[in-house]
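Trainee: Now for the letters of each chain:
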Amino acid sequence: MKKNERKKIGLGIFVIVGILFFILAIYYVGKKQQLFNSTFHVSGFFRDVRGLQVGNNVRFSGINVGIVENIAIISDSAVQVDLLIDEETRRFIHKNASAVIGSDGLMGNKILTLMPGTPGEDVIRDNDYIRTHDPINMDDIFAKLKITGDNAATITGDLAAIIGNIRSGKGTIGKLFMDSTFATTLDRTVVNLNEGASGFSDNMEAAKKSFLLKGLFRKKKKEEKKPGEEEKKPRGRN
Amino acid sequence: MENETQIKSHYLAPLKKFFSDVGRLVQFITAFFREVFLPPYEMNELARQSYAIGCRSLPLVGITGFIMGLVLTIQSRPTLVQFGAEAWLPAMVTVSIVREIGPVVTALICSGKVGSGIGAELASMKVTEQIDAMEVSGVNPFKYLVVTRVLSTTLMVPVLVIFSDVIALYGSYVGVNIKGDVNFRLFLSQVIEKLDFSDVMPAFAKTFFFGFAIGIIGCYKGYYSNSGTEGVGRSANSAVVLSSLLIFVIDMIAVQLTSLYYND
Numbered sequence: 001m002k003k004n005e006r007k008k009i010g011l012g013i014f015v016i017v018g019i020l021f022f023i024l025a026i027y028y029v030g031k032k033q034q035l036f037n038s039t040f041h042v043s044g045f046f047r048d049v050r051g052l053q054v055g056n057n058v059r060f061s062g063i064n065v066g067i068v069e070n071i072a073i074i075s076d077s078a079v080q081v082d083l084l085i086d087e088e089t090r091r092f093i094h095k096n097a098s099a100v101i102g103s104d105g106l107m108g109n110k111i112l113t114l115m116p117g118t119p120g121e122d123v124i125r126d127n128d129y130i131r132t133h134d135p136i137n138m139d140d141i142f143a144k145l146k147i148t149g150d151n152a153a154t155i156t157g158d159l160a161a162i163i164g165n166i167r168s169g170k171g172t173i174g175k176l177f178m179d180s181t182f183a184t185t186l187d188r189t190v191v192n193l194n195e196g197a198s199g200f201s202d203n204m205e206a207a208k209k210s211f212l213l214k215g216l217f218r219k220k221k222k223e224e225k226k227p228g229e230e231e232k233k234p235r236g237r238n
Numbered sequence: 001m002e003n004e005t006q007i008k009s010h011y012l013a014p015l016k017k018f019f020s021d022v023g024r025l026v027q028f029i030t031a032f033f034r035e036v037f038l039p040p041y042e043m044n045e046l047a048r049q050s051y052a053i054g055c056r057s058l059p060l061v062g063i064t065g066f067i068m069g070l071v072l073t074i075q076s077r078p079t080l081v082q083f084g085a086e087a088w089l090p091a092m093v094t095v096s097i098v099r100e101i102g103p104v105v106t107a108l109i110c111s112g113k114v115g116s117g118i119g120a121e122l123a124s125m126k127v128t129e130q131i132d133a134m135e136v137s138g139v140n141p142f143k144y145l146v147v148t149r150v151l152s153t154t155l156m157v158p159v160l161v162i163f164s165d166v167i168a169l170y171g172s173y174v175g176v177n178i179k180g181d182v183n184f185r186l187f188l189s190q191v192i193e194k195l196d197f198s199d200v201m202p203a204f205a206k207t208f209f210f211g212f213a214i215g216i217i218g219c220y221k222g223y224y225s226n227s228g229t230e231g232v233g234r235s236a237n238s239a240v241v242l243s244s245l246l247i248f249v250i251d252m253i254a255v256q257l258t259s260l261y262y263n264d
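Top to bottom, those sequences are chains E and G.
Heads up, the first sequence is in this note's numbering, so the first residue is 1 and it goes up one at a time.
Heads up, the second sequence is in this note's numbering, so the first residue is 1 and it goes up one at a time.
Keep in mind the hints are simulated off the structure, nothing from the lab.
Just so it is clear, the structure is predicted and the values come from calculations on it, not from any experiment.
C-beta: ideal position from N, C-alpha, C; glycine also.
Honestly, I wouldn't trust all of these hints.
As the list claims (entries may be wrong) - Only part of the chain E face toward chain G is listed, based on derived beta-carbon distances under 7 angstroms:
id : residue
1  : 6
2  : 10
3  : 11
4  : 14
5  : 27
6  : 28
7  : 29
8  : 221
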């Protein structure tokens, strides 16, 4: 009899612990889906929900605060999305808050992100409608990426052609970099220029001392010394 | 004319036997549903059977559950690491365990341990004419032997599956931490994050059907056993084979229904 009683107690503990685990699982899964929290409803209209589904998470400042409760087509260009949001976050969401559909990572589920609005505005109320932004279309992003890629391909092609020309010594820069004869000629030209400049300087010195040009240089010196008089003279002539 | 008789005995006899078996099984199931609601209720025997089926199977189910979670995690890891999705390991293992592996593996273990036990026990009672003796002494053997056992498996297999899932998740936590470093709270929040009612409820509901299949097949095979002591072994064996097969069939139907309902 005692053994029988012990078995019954064991069975009772076994069943109760099992049911407790189940209830805990239900509680936590339900809590995640806002089943046991006090909540409020808001709605928004989208032109395209991009695969958003009932049960997807609603995020505010990166935290899951609610779920998508219902999605219904209202007209040919509007889809109404009803959201169920945790009451505790209501005080942070203002009347001019907005919603945008995004994605949880590259392969993740769709999520709906709430932007809080400006702090001066009133807090959002139950069953209010919020502004929405249409989600960024991945096709558009890929189209733009394609254009950028094409441009990059053209630029790199041109660059490759230019570098090819430079390497083969074509054009001015190519000759400058690759042609050794051109470099030698250029070097010689610079040497000649130096020599020419020093020869010109000697000639000028000789010209200063020559009796034909001595008067001219003296006159120039006088003009440099009396700049005020020189300025007056042209006026007097006019 | 002789040829025709030979064909009949060769092909039609097994077919006839199959249909007669199915008909008898349906009768057996109908009798169960009739008897289960009619008093007197054998509560003590129900508790005894539940203890034997539930509590006694817990160590086996627990060990297999732990290994299941651990091995599944370790085996899934390299593939997820290749994709850089190591953080998805707890979520992926959890969904696999809760939706499919936990219920099916636990039911198969129960069919091996409990189904064969019930089949052999009832068959030996049948062979030694204990069932007839019960009937003579005024006890309803169907109610006492069959109803209590089928009810016990129907109620205990779901509880065993819950334990198995929980222990398997612990095994998975150990598996994640063999090569990685995830604390228990993060693991739990990752597990709950990815679990939905659509994962938990259908998986839990189908375990009742698994339990019912194990009990009813075990009892049926034992109750209609014949051919003496040789029949005892055969009943135990065919109870395991048929209930295991039924578990997979029920699982397939459950998955189809779930995907229809939840539009997965």
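Trainee: Work down the list of hints and note, for each, if the structure agrees.
Mentor: Status of each hint after checking the structure:
1. 6: 9 angstroms, violated
2. 10: 5 angstroms, holds
3. 11: 4 angstroms, holds
4. 14: 5 angstroms, holds
5. 27: Interface hint status for residue 27 of chain E: violated (10 angstroms vs cutoff 7 angstroms).
6. 28: 5 angstroms, holds
7. 29: 5 angstroms, holds
8. 221: Not OK, violated: residue 221 of chain E not within 7 angstroms of chain G, min 84 angstroms.
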